[in-house]
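The sequence shown runs contiguously to residue 213 in our numbering.
Please note that a few of the clues may not be correct.
[Said to hold, decoys possible] In silico DSS-like cross-links for lysine-lysine, where the CA-CA straight-line distance does not exceed 27 Å:
| hint | residue 1 | residue 2 |
| --- | --- | --- |
| 1 | K38 | K209 |
| 2 | K38 | K105 |
| 3 | K209 | K141 |
For the record, the hints were derived by calculation from the structure and aren't laboratory data.
These numbers come from a predicted model, not from an experiment.
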Amino acid sequence: MNIIINVIPLVSLIFGSIYFYNSREFIEMMLSQPIDRKSLFTGIYLGTSLPLSAGFVIGISLPFILFGKISQQIEGIAVLLIVGVALTFVFTAIAFLISVLQDDKARGLGFSILLWLILAVVYDGLVLFIVYYFDEYPLEKIMIALSIINPIDLGRILFLMKFNISALMGYTGAVFQQFFGSLFGILISLLCLLAWTIVPFLLSTFYFKKRDF
Numbered sequence: 001m002n003i004i005i006n007v008i009p010l011v012s013l014i015f016g017s018i019y020f021y022n023s024r025e026f027i028e029m030m031l032s033q034p035i036d037r038k039s040l041f042t043g044i045y046l047g048t049s050l051p052l053s054a055g056f057v058i059g060i061s062l063p064f065i066l067f068g069k070i071s072q073q074i075e076g077i078a079v080l081l082i083v084g085v086a087l088t089f090v091f092t093a094i095a096f097l098i099s100v101l102q103d104d105k106a107r108g109l110g111f112s113i114l115l116w117l118i119l120a121v122v123y124d125g126l127v128l129f130i131v132y133y134f135d136e137y138p139l140e141k142i143m144i145a146l147s148i149i150n151p152i153d154l155g156r157i158l159f160l161m162k163f164n165i166s167a168l169m170g171y172t173g174a175v176f177q178q179f180f181g182s183l184f185g186i187l188i189s190l191l192c193l194l195a196w197t198i199v200p201f202l203l204s205t206f207y208f209k210k211r212d213f
């Protein structure tokens, strides 16, 4: 589960960035036609995120179907697929935002990889640092805020909260469940992931409409 939740953002960031940069000539050609920029950008975004999501769903579901295990693990598979698809849309939107803001392909890819390293690796170290050095202070609200600003952690929490596995959730996940309760926490996680998709997409659309190609 952790491998999937960490790899999906990396693949979405890199593939989304490369696809956008490699499609620059196509975008310039399309913009020479009487086509609305918002519609064009939305089409490119969906044309990237939907195939990535479909590939993930097929890749995860197929082994369970072939070995006849899908009926036994249907609930867990469904939650994992929802989390994976949500993270795909989130990080594809972020990749497009980085690509729109940064003209240079090498820098854009560098920023994408750096962002993934921060969210997937540095973030956990930061949480441990805060918990260790400020253990005498009430950290519940800070931990909730840290969870909300990291979509990877939100995906992990969403999956583990569904099965009420507090021991595997880490400090942020345990606090999240304790503060919100299981069902409410799941809804909050979904809403936060939705916000993580919508906000970068709207920002990238805004800058795409103003960008001079």
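Restraint check for K38 with K105, where alpha carbons must lie at most 27 Å apart: Distance ~22 Å between K38 and K105 Cα, so the pair holds.
Check whether the Cα positions of K38 and K209 lie no farther apart than 27 Å. holds (7 Å)
When you check the alpha-carbon spacing of K209 and K141, does it fall within 27 Å? violated (37 Å)
Figure legend: structure checked against the earlier numbered hints; the only hint not met is number 3.
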